[in-house]
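J.: Protein chains in written order, with our numbering: chain A, 300 to 470; chain D, 86 to 585.
Be aware that one or more of the hints could be misleading.
Interface residues of chain D toward chain A, partial, derived using beta-carbon atoms under 7 Å [as the list claims (entries may be wrong)]:
no., residue
1, Ala161
2, Leu206
3, Val221
4, Val222
5, Glu228
6, Leu229
7, Gly277
8, Pro297
9, Met298
10, Leu549
Think of the hints as simulated: they come from the structure by calculation, not from any bench. The structure displayed is predicted, hence computed values, not measured ones. Just so you know, even glycine gets a beta-carbon here, dropped at the ideal spot from N, CA and C.
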Amino acid sequence: MTEVVFWSFSGAAIVAAFLCVTRRSPVAAALWLIVTLFSIAALFVVLDAQFIAALQVLVYAGAIMVLFLFVIMLLNLGRGGPSDLRGAWGKLVAAGLGAVLVVELWAVRAVAPADHLQLPPGAMARMSEERGPVGVITDALFREYLIPFEITSMLLLAAIVGAVVLAKRRL
Amino acid sequence: MSIDLATAGGVTLALAPELVLTAWCLIVMLAIAWRHEGEADQRLAAWLSLLGLASTALAVAWLWVGEARPAGLAGAMALDPFRYLSALVFLGGAALTVLLSLGYLGRERIRAPEYYLLILLATLGMLFMGGGADLVVIFLGLELMSVPVYVLAGVNRRSVVGAEAALKYFLLGAFASGFLLYGIALVYGATGTTNLALIGAQASGFGLATNPMALIGLALLLVGFGFKVAAVPFHMWTPDVYDGAPTPITGFMAAAVKAAGFAALVRMLLQAFGGAPAWHEAVWWLAAVTMVAGNLMALAQRALKRLLAYSSIAHAGYLLVAVTSGNEEGAAAFLFYALAYTLMTVGAFAVLAAAGRDGERDVLVEDLNGLASRRPWIAAGMTVFLLSLLGFPGTAGFIGKWYILSSAVEAHQYLLAVVLVLASVISAGFYLPPIMAMYMQPEPSPEAHRGTVLAGAPRLVVALVAAALLVLGVWPNLALDAARDGGAGLRTAVTYTLAR
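For reference, chain A alone in the conformation it holds in the complex (with noise of 0.2 Å):
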């Protein structure tokens, strides 16, 4: 059952962000974008970490998605422009690329992650079951990752400041 629902989530994903590729009116990709942000939440609660699953839908396909369209409608965007794959020769960059991409991940599919660093089967559950499912990821967030959790803060300051700087009419 499990299986069922987790590969026809991962299918819904890969159609949605196929179409929302290949749309060409901004608006359309982007709702199909929010059909790929749903469906990969839907993936987070099959894999036990329903915590990240509700973040996924709250900020991505919530408050991200917002924005998306605000600046698309704000900057009048909403007829389809032209097609960032000019020409026979674009189309063919591009399609060598994603082959290139395809065997990669072809490759790397083929090794297995070593033994020693496979969680036992059940083991998020029963680590949510013992940590809260929010207790798992800021054990992680603010123990772990202290670090880089703060360089973060001072990375966004450093991107508020930027924008300012170089957007603001009257400095």
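Place chain D on chain A using the hints.
T.: Frame of chain A; chain D shown alone:
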């Protein structure tokens, strides 16, 4: 002192330089939020930034003198002389850039005190790149360095070429970050960790050298770093970006930003992939092609700024030779060359900023004609910088190159050493013409060099840097010892990993 990275107090101590610099970033930000109107406020921001950089250097020195060592498990930050020395190089490069910008911003009428804040933030990123012992820390440090530099490239908002440079740099930088992230993800998939020391332990213990996932990840990491340090064939963005950015920022990018990319690359390759020799051959080709192509392309340039941009590509090749050695001497040679290279690059761009009069950006080699008779000291300074870039005996550049050569020979990379020497010979073809123009050509008109003046802080920078290059050229012992200390620090971390 021994610092336990598992406790909150230990982490705070280990992060002392970064915390000090973060605090100064916030102080400068508040200061410019209140006062951001006139020339005086801009100067205030500059001096506050210098103060911040100086106190950060003190914190680094405090850790170094206290011989801080990690107790127990390896953490996200390294505590070794390599980190301290590279941090001092970055801080010095940033301080020289701030001093250079003092006159430049006023002359080009760039009104943005945030300029200095962005330099501080970029320097903070560099500290994390040089000191991070975890791929996530290194990646975030890289982004924290890159984002302010994208903005700084386009900080002159009236300049169209500046905007083009910023956009080009941003798009290609984001592209390179994608490669890096994908590489980090694959390495994590193969090893289950992002900690360099633990990856190193896996590499030697579990035969990572033949694991395709780890190897593809390593290849992607090399491509990402190749973009960031502008190694051929990933250099296409460099000339346009260096050409379009404000001159002091070009110096900052060519010197400190590049050195930070290399510091992270050296640490990553030696500590995490020391046991997986697959990268040696890839970096070998990268180094050889970068040296030859960078120097050949520089030969064709007439504009000095583009010439220095291509020369900086060639210098990335020299540094890659030190990386290819893959031993303790290589790391030490990298540290010394990074110091010398930062000094000479900043110096050369300082003179270039003085020669480029108000709004005029293309200073050709011919524009230096007869500079020596009108401004003998500026010409003398430029001569020292160019000779040092060439690797002329008596300058720091010579000692640095010699040290890189000896590390390559130590690692039995004889062919690469020969390529390095030949590439240096080619480079004489474009480093010497500006010197000949300054000393052997007549001044086109008595007015020609009236605008070429160095006053105040930039004059101090040129004098200090030229003196430092000459001192390091004849008496490098102190700096060499420090560099050796730094290289050996990396080695102990490596053997520590192997022993575990």
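J.: Given D/Leu549 was flagged as interface, is its beta-carbon under 7 Å from a beta-carbon of chain A?
T.: Hint on D/Leu549: violated, closest Cβ of chain A at ~29 Å, above 7 Å.
J.: Does the interface hint hold: is D/Ala161 within less than 7 Å of chain A, judged Cβ to Cβ?
T.: At 5 Å from the nearest chain A Cβ, D/Ala161 passes the 7 Å test, so the hint holds.
J.: Can D/Val222 be said to touch chain A, with a Cβ gap under 7 Å?
T.: 6 Å, holds
J.: Does D/Glu228 pass the interface check with chain A, least Cβ-Cβ distance below 7 Å?
T.: 6 Å, holds
J.: With a cut-off of 7 Å, does the beta carbon of D/Leu229 approach a beta carbon of chain A closely enough for the hint to hold?
T.: 5 Å, holds
J.: Under the criterion of a CB-CB separation shorter than 7 Å, is D/Val221 in contact with chain A as hinted?
T.: Holds, because the Cβ-Cβ distance from D/Val221 to chain A comes to roughly 5 Å (cut-off 7 Å).
J.: Hint validation: D/Met298 versus chain A, beta carbon distance must be below 7 Å. Holds or violated?
T.: 5 Å, holds
J.: Going by Cβ atoms only, is D/Gly277 closer than 7 Å to chain A?
T.: At about 4 Å, which falls below the 7 Å cut-off, the nearest Cβ of chain A leaves the hint on D/Gly277 intact, so it holds.
J.: Can you verify the interface hint for D/Leu206: is its Cβ closer than 7 Å to any Cβ in chain A?
T.: Holds - the Cβ of D/Leu206 comes within 7 Å of chain A, reaching about 4 Å at its closest.
J.: May I ask you to test the interface hint for D/Pro297 with respect to chain A, counting a Cβ-Cβ separation under 7 Å as satisfied?
T.: Given a least distance of 5 Å, the restraint on D/Pro297 holds.
Hint 10 alone, counting from the list given before, is not met by this structure.
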